[in-house]
Structures are given as C-alpha cells and as structure tokens.
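There are 2 protein chains.
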Amino acid sequence: MIKIDWEKQGGLLPAVVQDYKSDEVLMLAYVNEEALRLTLETGYAHYWSRSRNQLWKKGETSGHLQRIEQVRLDCDGDTLLYIVHQTGPACHTGEKSCFFTLLDSAKGE
Amino acid sequence: MIKIDWEKQGGLLPAVVQDYKSDEVLMLAYVNEEALRLTLETGYAHYWSRSRNQLWKKGETSGHLQRIEQVRLDCDGDTLLYIVHQTGPACHTGEKSCFFTLLDSAKGE
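Chains as they are written, first to last, in UniProt numbering: chain C, 1 to 109; chain G, 1 to 109.
Please keep in mind that the hints were generated in silico from the structure rather than gathered at the bench. Treat the hints with care, as some may be off.
Since copy identity is lost for identical chains, a pair holds within one copy or between any two.
[What the hints assert, rightly or not] Subject to a maximum C-alpha distance of 27 Å in a straight line, what follows is the list of computed DSS-like cross-link-like pairs (lysine-lysine): (1) K57 with K96; (2) K8 with K21; (3) K21 with K57; (4) K8 with K96; (5) K96 with K3; (6) K96 with K21; (7) K8 with K57.
Hey, can you work out the whole structure from these sequences and the hints?
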C-alpha cells in the first residue's frame, strides 16, 4: 500500500483536478492533511491556499463547487488526483479550466 | 499575456501530464527553465528530477517517451500541462498512469 508522503513538500501535496465528464484538466491546487480529511469527509474539494495561508473550500463564495467522484494517489505518494463534478467554471477568470493558455503546440515529429 | 512565474517555487514548476488520446492523467513531474526549453525545442517531455538533481528526458532509458502535442500554462503562471503521445506506460511500476491508487470514491451526495 502506498502511503502519503506529507514530509517531502512541507506538508503540502499538489492536487491535480480533472473533470469527471469531460476529462479536462481543470486546475492544480495544494492540499494539507486537514484539507484532504475535509475533502474525504464532506465529498467536496478542499485545499490549502498558499497565498492566503488558510483552508479553502472550492466554490464556498463563488458557488463553483467541486463534488468529489474519486481521490487518487500517485505511485510515490506525493501527488493527488481529484476527479470532480465541477459546478460552473473552475478558474477564477471565468474560464472552464485554468490551463487556457497555449504555450506551444505540436512540436514533436 | 501570462508570464511564467519561476520564482514562486524555487525555479521549479509542476507539470501535469495528460495523455492526448485517452485524456488520462498520467503523472506529475517538475520542470525548470532548461527542461521546459528542451521540451519545446525537441518536442519531447523533459523534467527536472528532484531526487537525482538532474535534467531528465522521459523515456531516455526505458523508451517510454512522451511526444508533446501541447504545452499549456495555467492562469497564474505557476503550473504547466503537458499533453502527450505516450509510448508504453508512463509509470515506472509498469502501470499506464501513476495514479493507480484509489484513496476514495464517490463520497459526494
């Protein structure tokens, strides 16, 4: 069984957030133990805001909640994947996903 | 235009890696400026290994290369999304994706 490695990154794990229906990658945010516990207990995505230094329930003020379908852990226990039912846009800009900026396309062979 | 914020996280950005065909989230790894430059120039995913402290072309020894379809940047310029054509499994365990461990499922309403 893979154990969560809270130590490696100062008590914070990055959580990749993916839309359950569209499979789109919506955002990435950070999670501490308390945020993960609340996410698993309530079934709604919680994070740790590094800029505001506080727990944060996604959508608490905007209404753009993320209902959890699955929480997955990666092979070395230092990254989470939240698969969610997203209400409204995930990004604070109003875009569906935070990754709306294309840096580069199709540079491979 | 969104600029990459290299300073925020000590010169490293997390890169979410998604499969172009299946939309599956395959892994998360870290990228410094040089790794991103090589990724964009060669069209193959490069990372910075935090454990080995060195640049790393994914698949260089295993053959499990990641040909880049798109590189995307998030709204606050501190996370990348690589959309790739994955050769073989992405995970060193032989699993297709590193996120093969389910922590929790369907705890929402």
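Indicate which option fits the pair K96, K3 if close means a Cα-Cα distance not exceeding 27 Å: within, between, both or neither. Close across copies (20 Å), not inside one copy (32 Å); limit 27 Å.
Intra/inter-copy verdict for K8 and K57 if alpha-carbon distance must be at most 27 Å: both (24 Å within a copy, 23 Å between copies)
First find the shortest C-alpha distance between K8 and K21 inside one copy, then the shortest across copies, and answer within, between, both or neither for a cut-off of 27 Å. Classified as neither; 32 Å inside a copy, 32 Å across copies.
Can you tell me if K21 and K57 fall within 27 Å by alpha carbon in one copy, between copies, both or neither? Within one copy only: 21 Å inside, 32 Å across.
Within, between, both or neither, where K57 and K96 count as close if Cα-Cα is 27 Å or less: Within one copy, since 18 Å is at most 27 Å while 31 Å is not.
Should K96 paired with K21 be assigned to within, between, both, or neither, using CA atoms and 27 Å as the limit? For K96 and K21, the Cα distance is within 27 Å both inside one copy (13 Å) and across copies (20 Å).
Between K8 and K96, at a C-alpha cutoff of 27 Å, which is it: within one copy, between copies, both, or neither? This pair counts as between: shortest inter-copy Cα distance 24 Å, intra-copy 31 Å.
Going through the hint list in order, the structure does not satisfy hint 2, though it satisfies all others.
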